[in-house]
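Build out the structure end to end from the sequences listed, making use of the hints.
Note that my numbering gives residue 54 to position 54 of the sequence shown, counting from 1, and the numbers run on in steps of one.
Accuracy of the hints is not assured; some may be wrong.
Cut-off 30 angstroms, straight-line C-alpha distance, at most; resulting in silico cross-link-like pairs (BS3-like, lysine-lysine) [stated by the list, open to error]:
| no. | residue 1 | residue 2 |
| --- | --- | --- |
| 1 | Lys177 | Lys144 |
| 2 | Lys149 | Lys75 |
| 3 | Lys110 | Lys130 |
| 4 | Lys177 | Lys110 |
| 5 | Lys130 | Lys57 |
| 6 | Lys145 | Lys110 |
| 7 | Lys149 | Lys130 |
| 8 | Lys145 | Lys130 |
| 9 | Lys177 | Lys149 |
| 10 | Lys110 | Lys80 |
| 11 | Lys177 | Lys145 |
| 12 | Lys57 | Lys177 |
| 13 | Lys75 | Lys57 |
| 14 | Lys149 | Lys80 |
| 15 | Lys80 | Lys177 |
| 16 | Lys144 | Lys75 |
| 17 | Lys144 | Lys130 |
| 18 | Lys145 | Lys80 |
| 19 | Lys177 | Lys130 |
| 20 | Lys75 | Lys145 |
| 21 | Lys110 | Lys75 |
| 22 | Lys80 | Lys57 |
| 23 | Lys130 | Lys80 |
| 24 | Lys80 | Lys144 |
Don't read these hints as lab results, they were simulated from the structure. Predicted model only: the values in this text are computed from it and were never measured.
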Amino acid sequence: MKISSVSELILNRVHLEDQPTLFQMMDEIYRAGYRDFWLDQGDWYVDLSYNPLTLEKELNRARSHYFFVELAGRKIGILKYEYPFSPRQIEIPEAMKLHRLYLHPEFHGKGIAPTLLQHCESIARENGLKTIWLEVMASQPQAKKFYQKMGFGHLLSYRLDFELLLPSYRGIEIWQKNL
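What follows is the structure in structure tokens.
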């Protein structure tokens, strides 16, 4: 699905048979930004998030929409959103969760992430949703600055209990944007 008339930015659905490609790509992308947050450099998290069983569960959920982000025929990241979906910590009715938005570092700062967020907002509005929410690590100031610029605001904070995640990086925040 082409989402931008200005560039060759395309979303292609992730399928179960894409798991090896997804795993390899996210192993590189995730570690580029989060390696230092983990005792094992992110091995546990990457395996948990991108293994075949997890992917199959995520793809089988009707509310889940999972894509490769491609530019000029090259896979440069992923986008995953779910709706309707509310966090466990607080009720957000008629909401979309922006679950994963990862781009290869080579493509940061090129206007791709804002285009992807605009796409999510369009999908949310088309489906009668009133809010988009996401989780962002408290220790990621550049991500928080980006989401604030895109109109999101902090809603609440909590801590992850992942044993291999260094304690100073366990803070996570839920941010939301009303449409």
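Verification of the hints:
Using a Cα cut-off of 30 angstroms, the hinted pair Lys177 and Lys144 holds, with the two alpha carbons roughly 13 angstroms apart. Of the supplied pair hints, the one linking Lys149 and Lys75 holds, its CA atoms being roughly 26 angstroms apart against a limit of 30 angstroms. Taken as a hint, the Lys110 and Lys130 pair is honoured in the structure, with Cα atoms around 28 angstroms apart against an allowance of 30 angstroms. This hinted pair checks out: Lys177 and Lys110 have alpha carbons roughly 22 angstroms apart, not beyond 30 angstroms.
In summary, the hint linking Lys130 to Lys57 is supported, as the alpha carbons are separated by about 26 angstroms, within the 30 angstroms threshold. This hinted pair checks out: Lys145 and Lys110 have alpha carbons roughly 16 angstroms apart, not beyond 30 angstroms. Simply put, Lys149 and Lys130 have alpha-carbon atoms about 19 angstroms apart, close enough for the 30 angstroms limit, and the pair holds. Our distance criterion of 30 angstroms between C-alpha atoms is met by Lys145 and Lys130, whose separation comes to about 22 angstroms.
Restraint check: the Cα-Cα separation between Lys177 and Lys149 comes to about 11 angstroms, which is no more than 30 angstroms; the hinted pair holds. Among the hinted pairs, Lys110 with Lys80 is consistent with the structure: their alpha-carbon atoms are about 20 angstroms apart, no more than 30 angstroms. The straight-line distance between the Cα atoms of Lys177 and Lys145 is roughly 14 angstroms, inside the 30 angstroms bound, and the hint therefore holds. For a cut-off of 30 angstroms, the pair hint linking Lys57 to Lys177 stands: about 27 angstroms separates their Cα positions.
With a C-alpha separation of about 22 angstroms, the suggested pair Lys75 and Lys57 falls inside the 30 angstroms cut-off, and the hint holds. Note on Lys149 and Lys80: the hinted pairing holds, with a Cα-Cα distance of about 20 angstroms set against a maximum of 30 angstroms. Of the supplied pair hints, the one linking Lys80 and Lys177 holds, its CA atoms being roughly 17 angstroms apart against a limit of 30 angstroms. Straight-line distance between C-alpha atoms of Lys144 and Lys75 comes to about 25 angstroms, which keeps the hinted pair within the 30 angstroms bound.
In summary, the hint linking Lys144 to Lys130 is supported, as the alpha carbons are separated by about 21 angstroms, within the 30 angstroms threshold. Simply put, Lys145 and Lys80 have alpha-carbon atoms about 21 angstroms apart, close enough for the 30 angstroms limit, and the pair holds. Only pairs whose Cα atoms come within 30 angstroms are accepted, and Lys177 paired with Lys130 is accepted, the gap being roughly 9 angstroms. For the given pair, Lys75 sits about 25 angstroms from Lys145 by alpha-carbon distance, which is consistent with the 30 angstroms threshold.
Restraint check for Lys110 and Lys75: the C-alpha separation of about 15 angstroms stays at or below 30 angstroms, so the hint holds. At most 30 angstroms may separate the alpha-carbon atoms for a hinted pair to count; Lys80 and Lys57 meet this at roughly 13 angstroms. Only pairs whose Cα atoms come within 30 angstroms are accepted, and Lys130 paired with Lys80 is accepted, the gap being roughly 18 angstroms. With a C-alpha separation of about 18 angstroms, the suggested pair Lys80 and Lys144 falls inside the 30 angstroms cut-off, and the hint holds.
Checked against the numbered hints given earlier, this structure breaks none of them.
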